[in-house]
Amino acid sequence: MSAPILSVRGLERRYGARIGCTGIGFDLWPGEVLGIVGESGSGKSTLLSCLAGHQRPEAGRVTYDGRDVLAMAETERRRLARTEWAYVHQHARDGLRMGVSAGANVGERLMATGARHYGRLRAQAIDWLDRVEIDQTRIDDRPTAFSGGMQQRLQIARNLVTGPRLVFMDEPTGGLDVSVQARLLDLLRGLVRDMGLSVIIVTHDLAVVRLLADRLMVMKSGRVVEQGLTDQVLDDPQHAYTQLLVSSVLQV
Amino acid sequence: MISVENLSKSFTLHNQGGTVIPVMAGASLHVGPGECVGLVGQSGAGKSTLMRMIQGNYLAGAGSIRIAGTELVGAEPRAVTRLRRETLGHVSQFLRVLPRVPAVDVVAEPLRALGTPEAEARARAECLLWRLNIPRRLWSLSPTTFSGGEQQRVNIARGFVHPFPCLLLDEPTASLDALNREVVLTLIEEAKARGAAILGIFHDAPARDRVCDRLVDVTACTPGRAA
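For the record, the sequence lines run as chains B and A.
All residue numbers for the first sequence refer to the working numbering, where the first residue is 425 and numbers rise by one.
All residue numbers for the second sequence refer to the working numbering, where the first residue is 2 and numbers rise by one.
Pulled out of the complex, with its shape left as it was, chain B reads as follows (with noise of 0.2 Å):
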């Protein structure tokens, strides 16, 4: 059997007395899609800010493929930002290079881990438009051209043009049509099973982690009070603050 790709013990993050998140442990295995759902403030995207290292915990662990995260020097976990790990950030723009055109976008990210030959940078770059089914005659325009949808699978062309094994996804589908999140959603189904990411995704839509992940994590005030197989979990909800969660979900 495998180990886990990323493994977090005792991790706790404090704003002076508030408690941003605290006593979360858990392993993330290859292949693995892991959900984090609860209310606004309830800390899953200060969770996902300090797994992926942009804000730094008072205590606990982090592993990552045996390395310890918190203890890494900036430069070694930069790199691994820019390589094996990806970020796909709620507002587009926030992920993206709004001056400059998407196919450099796409191709930037690439020159960050020393891709040079302009030809093939550029042939990468239509491949993944592709894949994210962007027309390639758009690979000139910039992404302040895009709508909202478009922006958003530009991001992701973006933060996974290099093969990273580890994806941090803020409510990737937030603000979005419902018809384009079923889209958004049916490309990231296949890309992670096509490339076996593993995928740590924070949402509020139940609906999406249903369709998306494997395991799910509910977080109310900082702490994570129930977790386990996703469709368990929504099905079958043990705490109170779960059956309240799923509970309160309008019918369709």
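Honestly, the hints are just simulated from the structure, not real lab data.
Yeah, the Cβ is synthetic: ideal placement off N, Cα and C, and Gly gets one too.
There is no bait here: all hints are sound.
Simulated DEER-style distance windows between Cβ atoms: (1) Arg617/B with Ala124/A: 17 to 27 Å; (2) Gly447/B with Thr13/A: 22 to 32 Å; (3) Ile443/B with Asn16/A: 22 to 32 Å; (4) Gln560/B with Pro103/A: 20 to 30 Å; (5) Glu436/B with Trp131/A: 52 to 62 Å.
Some, not all, of what chain B presents toward chain A, calculated at C-beta under 10 Å: (6) Leu635; (7) Gly652; (8) Asp659; (9) His663; (10) Ser671.
Listing some non-contacts, in silico: residues in chain B with all C-beta distances to chain A over 10 Å: (11) Ala427; (12) Asp489; (13) Gly523; (14) Ser525; (15) Gly598.
Model the placement of chain A on the given structure of chain B, informed by the hints.
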């Protein structure tokens, strides 16, 4: 292959005064290779609850569920995921799929998850869609727009596309016409012949009589209902 011992379960409704509803007590059953066992009992007796526990969708309260040697009660989520991917097929009454994914890909998905190359997975999916009389022109369309009977056949195709050693079938013939009902019963008989252990709920009594080797009445393990 499927072995249930002394299984019990209750629901605790934390947001309704902490009401505890016992739904199952002392359930035991065994399904061997090549055998089909039917669950019977009146509506509300717990047939679906038992099926859901065996599928890992509901947590068991106490007892044991072993699927092809793997203990499900208290198992790690990824052990259950692996079991569902490799060993335990499931045909539910309802099709839950992503909008806009073509029917052929919905059916091929269990094979793709096992690493089967796309062309081969699609070919096997098409073969089942053809056997189940789904018109070819629908194969590239999302089943979300299909009729109830067509959706059910897509679900059945999905459950039979990989030769799962264990199968759970929830009303597999419920909304099918005579022709397609016959196809499904043949698929079940073929699965038995290759050694699959099958547990099913069939309200269709003639279908039940034809494919089931034994029946298990769950009323005996319904708390407060036992005769």
